[in-house]
Every structure is written in C-alpha cells, then in structure tokens.
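*Asks:* These are the residues of each chain, in order.
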Amino acid sequence: MTTVLQLSNVSKIYAGVPALDRVTLSVPGNSYVSLLGPSGSGKTTLLRVIAGFEEPDRGSVTLDGKRIDGTPAHRRGIGFVFQTFALFPHLSVARNVAFGLENRETGPSLDAAAIRRKVAEMIDLVGLKGLEDRGVTQISGGQRQRVALARTLVTEPRLVLLDEPLGALDANLRTRMRGELRAIRERLGVTFLHVTGSETEALAMGDTVIVLDRGHVGQIDGPDALYNRPASPAVARFLNCYNLFEGRLGDGAFVSPVGALPLPPRAEPLGGGPAYAVRYDRVEVRPPNAPVAPDEVGITGAFVASEYTGSSVLSFFQLPDGRVFEVEDHLSHRAPPVYAPQETYGLVWKRDAALVFA
Amino acid sequence: MHSTVIKPILAVYTGLFLLFLYGPLLVLAILSFQTGPEGGPQFPIIEWSTYWYQHLFGLTPPSRIAPLPIEESLVRSLVLAVATMIVSTVLGVSAAQAFRTRFRGSGVVFYLIVLGMMVPGVLVGLGMALVANTLGIDRHWWGTAFVLHVVYTFPFAFLVMLAIFNRFDQSMEEAAWSLGVSPARTFRKVTFPLIFPGVLSAMLFAFTLSYDEFSRTLFASGRDLTLPLAIYGTFSVEIHPNVFAFGVLTTLFSFALLGVYAVLMTLSVRRAKRVAIQEDA
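As given, the protein sequences belong to chains L and W, one line each in that order.
FYI, the numbering for the first sequence is 360 to 717, going by this note's numbering.
FYI, the numbering for the second sequence is 1410 to 1690, going by this note's numbering.
Keep in mind that the hints are not guaranteed to be accurate.
Stated by the list, open to error - Partial chain W-side listing against chain L, Cβ under 8 Å, derived:
1) ASP1578
2) SER1580
3) ALA1584
4) TRP1586
5) GLY1589
6) SER1591
7) ARG1594
8) LYS1598
9) VAL1599
10) PRO1602
11) LEU1603
What the hints assert, rightly or not - Derived pair list, reagent style DSBU-like, types lysine-lysine, alpha-carbon separation capped at 30 Å:
12) L/LYS477 / W/LYS1598
13) L/LYS477 / L/LYS425
14) L/LYS488 / L/LYS477
15) W/LYS1598 / L/LYS488
Just so you know, the hints here were simulated from the structure itself, not pulled from any lab data.
The beta carbon of each residue, even a glycine, is placed where N, CA and C say it ideally should be.
Let the hints inform the model, and build the full structure from the sequences given.
*Replies:* Below, the structure is given as structure tokens:
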C-alpha cells in the first residue's frame, strides 16, 4: 500500500512541556485511520501540525513524498473537519460547500457552471439534497456535520483530517454517521485520519488504529490486533477493557499486590511494563472455595456493584488491596449473573488469557 | 433587601439621571423657539417663533445680530470626522487583528495605543502646537489636528475590535485555509463579514468623538476653525438663541446617524441572532 502521509520524529513543545515527542508514523493511502488518545495526549496538536495550523519544533511532515512542514495551510491540500464544524454562518449550505472551489488560491480553475455541478453532486452524496438554500444555522447538528464534510471533500484533498467529528452529535446520530463516514470515504477513495478519544469509535472506524500516549506513538495496528494484544500497559489502559496489575516479574509468576499470578505458558512479555493484564470478559466468577484448575489463575474479591448495558453486564469487585476489578459477562451466552453485595467470590481466568508486560 | 424599598429609590434615581441627562437639552430646545431678534437666551419665552431657525439659514431680514459663522466650519468638521473615522477604523481593525497572536512586546504596544485616549487633551494639543512650531510645520485642521484626532479615536476603535475578536471563533478561518483559500482572501470573505457589526461600532465611536472634539483641536487646528471651536467663539461675544437652534439641529443629525447605525446593526446582527437561537434549540 502506498504511503500518503509520513511523519518523522515530529516534536512540538508548549512552554517547556512536550505536546508531541518524536512522533513517527505513516498513513497508508485510500484507508481509514483512527488516532486514539485520551485528552492531553497531543492528538489535536498532532492534527494541527499535519494541517499546518501549527509548525513542529523538530521533525518532518511529508505528503506524497513532498515535505510540507513550513508550507502554509492553504497550500497543503489537506482537508480538515472540525469538531465544532466551523461552518461559515453568513453563507447558505450550498455557498458553504462552494466556498473552497470559488476562493481557493490554487487548483484547477472552474467556471461557475462546473462549480455548481460539483457542489450539487457533493450535496447529493452526503444526503443534503433540498437543503441547498438553507442557512447553516437553520439545520440540525447531523446536517451541519454533513455540510462540513461536503465542504472539505468537494475540494478533493489527498487527505482529510477529522478532529473528533462525531463528538458534537448525540449518541443515536453518532452511530449512524460512523457507517456513513466509512461509506463516503470508500466511494471517494481518499484517506481519512480520524481523531477520537473513544476507544469503541477508534476500533469501529479504523482500518488502522494509531494510539497516542502522552505525545508519542504507543502502537499502530489493526483494530483486532490492538484489542487483543496492546503493546504496552498504557495502551491497554486506554482500551478500557483490561484489568491491570503493577508489580514485578518473578520466577514463573508475576508478583502483584494481590499475590503471585502464574505466567501464561508461552510467555513472551510485551514492553512498557512491568504489568499484568487480563481482559474484563476473560474472567469467570465462581464461589470463593471452588477449585482452581492448574491452567487457571484465581484471586478473590468482594462484589461491589454491577452495571447493566443490555448486551452485557459489567460487575465490579473489590480486591484485598482495595483496587477495583471488573468482569464483563456477555448475556448472549451466559445468564445475567446475580451476586450478593459485599460477598467474596473467586475470580478465575485461563493462564494463557493474560498478557504480561516486562 | 426588600424590593418595596429598593424599587422606589431606584426609580427616583433613574428619574434624576434622565433629568440631568436630557434637562439641559430640553431647556436649549425650548429657548431655541424664542422670538427674535429682540428675544434673548433666557426665560420667559416672549413669543413662540421659528425666527432663530430662519436666522441660521439666512432667511431673516438683516439685523444687528450677525449670522453664525458655522457654514465652513461645519464642512470642515464633517470632513475631519469622516477622515478620522476611516483612518482610525482601519488602524483599529488591523491593530486588533495583530493582537490576536501575542507577539513580543504586545503588552507595551497595548498601553502605548491606549495612552492616546488617556492623556489630557489640552496637554496633547499644546504639545502638538509646540512641536509644530519647533519643526516649522503649519498648523491646520487637516494636518496637525487630524493627527491628534486619529491618536485620540484610534484606541476606541482598537478596544471595540479587540472585544469583537475575543469572541471570534478562529476555527472558521482555519477551515477556510484548509480549503485552499489564502489568509488574505479568508479575511475578506469570512472574517470581515463576521466582524462587520463591530466595525460599525468602531466607526460610530471614531466619528462622534472626532466631530465634537474640542481641547485637542483648540491648540492644534491653526487658523481655520472646526465647528466646536466656531461655536465657542460666538459665546465670547454674546449668546443668542441661534446657537440653541443650531444645537437642536445638530442633535437631530446625531439621532439620524444613530438611526442609520441601528438599522445597519439590526440587519447584520439578525443573522448572528438566528445562530444563537439555533444553538440553543
């Protein structure tokens, strides 16, 4: 696959605090890439550096093999969709979409008829037909999102940066726009780089997911690989589906505050630790005195509360050292569990279900 | 506190405030309808008439009272106010635009600009006269006085625009850049239409402040007088109600100006208001 965007050792420092720390990554062409990071991880800064709203202090940004750091934003050919949409409030829907074609500095010059045709096509593609003459203040949030997208896509950028594009929409609309964003991208064949703080959104949208951790790249992987084998405890923490124990690697076991946890049989520790991680849905809850098989790991915890989400139940247990341990039961293959508050239970998982970070 | 106490007190206070604000104007307006040419600028009204208004426009038979020497000074003041308005607004908008990014020494520059409206006018006027004399520059209303008017009104325009830019969403400009539109064209097509209500306010400030500027102009304008100076000059001889008649007409002119401003403002704010309503919904 060809590389559209390449960042090498990009650093950006604000008032002595590094927002980006030697970020190196490449974005393949014709793909959907999500960039996941908690707030403060530098993901918006990274996007603004790529777009040209900020310049990196060090490192290079390359688009299609040409260095673009130092080039002003309007000569980069990179589209940007803002979380707040940033539509032009004094222009109608159609005039917003036509704005780039009518006013841009470079690019093929089009006559009025050609612009009208392209704008009409794009408005049709994003499903805004019939709203052309509305003011952008007279349409709903989801429609504004589409205008922002159409306005960017009609200028045919090589790469579109989306800064938490679904953040301002309500949950229902967000799910629908996920599918539409993917469909629109596939039809046009451009590359989307989608920044989000939501791990479910990142996993659902991206062909590739980039995890940003305090200014540097934590992992670049496919969603499936990322979910099942996070490269570091920090990445595992963002994914919000792993119980993590700190401690140290001992002889055949991981020494944690709740006791020695036997290592998985074919242990090839990952980096960034030491830590021991087990996914919420890999844990089984048993009576406290039930036997633990040799290929299993068992600890005990007191039931605190549970959270019903429809397709699954998330239960919280307090371990002897005070930390909270989470267990997820998928209701499709287990009956809804009933646990007694403050009662102690056995928490058991297969040894090879755990991940160990050295 | 009980509103039964507070409310009447506030009502009296507001009434007094309005009385002091509009009382002098009202007295002026009443006295301007004094009969002429024998009627003077004091009560009682001998007979109601529009004599002094006719006198202003030279429609009365010649009498011992000379017509107000305001014709040329009125034109001068209007030209000066318009020129000051244009220059100060352009400077104010550009300076405020520059202040959107904190550049080195921006704090010092800010106070230097604002100083123009803080220092006493008489001092600046006198200083300008001295400097002009030393350097051998002739003092004129369109030269030395014009510079002082700009120095005085520019900070007002600047502060108005600073407040406007403070609330301006920069991502709209960034969005335009990312569409391939140059910063200069973005300013013309996106920024300026959106800050236009603020520009109108800055223009109004600059115009009205320049139009009735007195202390700075007194020393810096040289031989040809502006309107405030010309009117003051007539006081030193003898006051006739024709000055009051002119005051009434000037006030009406100001109200007309405010009316134009209000109409323009309503037109350009209506859109912004729709935004706000939509955001709430």
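*Asks:* Quickly compare the C-alpha distance for W/LYS1598 and L/LYS488 to 30 Å and report which way the hint goes.
*Replies:* holds (25 Å)
*Asks:* Between the alpha carbons of L/LYS488 and L/LYS477, is the straight-line distance 30 Å or under?
*Replies:* Given pair L/LYS488, L/LYS477 holds - Cα atoms ~13 Å apart, limit 30 Å.
*Asks:* Under the criterion of a CB-CB separation shorter than 8 Å, is W/LYS1598 in contact with chain L as hinted?
*Replies:* holds (6 Å)
*Asks:* Would the hint linking L/LYS477 and W/LYS1598 be met if the CA-CA limit is 30 Å?
*Replies:* The given pair, whose Cα atoms are some 21 Å apart, holds under the 30 Å limit.
*Asks:* Let's test the interface hint: is any C-beta of chain L closer than 8 Å to that of W/VAL1599?
*Replies:* holds (6 Å)
*Asks:* Have a go at the W/SER1580 hint: is there a Cβ in chain L nearer than 8 Å to its own Cβ?
*Replies:* holds (4 Å)
*Asks:* Given a cut of 8 Å on the nearest C-beta pair, is the interface hint for W/ALA1584 held or broken against chain L?
*Replies:* holds (4 Å)
*Asks:* Hint W/LEU1603 vs chain L: min CB-CB distance below 8 Å?
*Replies:* holds (6 Å)
*Asks:* Take the C-alpha atoms of L/LYS477 and L/LYS425, compute the straight-line distance between them, and say whether it is at most 30 Å.
*Replies:* holds (28 Å)
*Asks:* Quick check on W/ARG1594 please, does its C-beta sit within 8 Å of some C-beta on chain L?
*Replies:* holds (5 Å)
*Asks:* Holds or violated: W/TRP1586 as interface residue toward chain L, Cβ cutoff 8 Å?
*Replies:* holds (4 Å)
*Asks:* A closest beta-carbon separation below 8 Å is what the hint needs, so does W/ASP1578 meet it against chain L?
*Replies:* holds (7 Å)
When each numbered hint is compared with the structure, no violation occurs for any of them.
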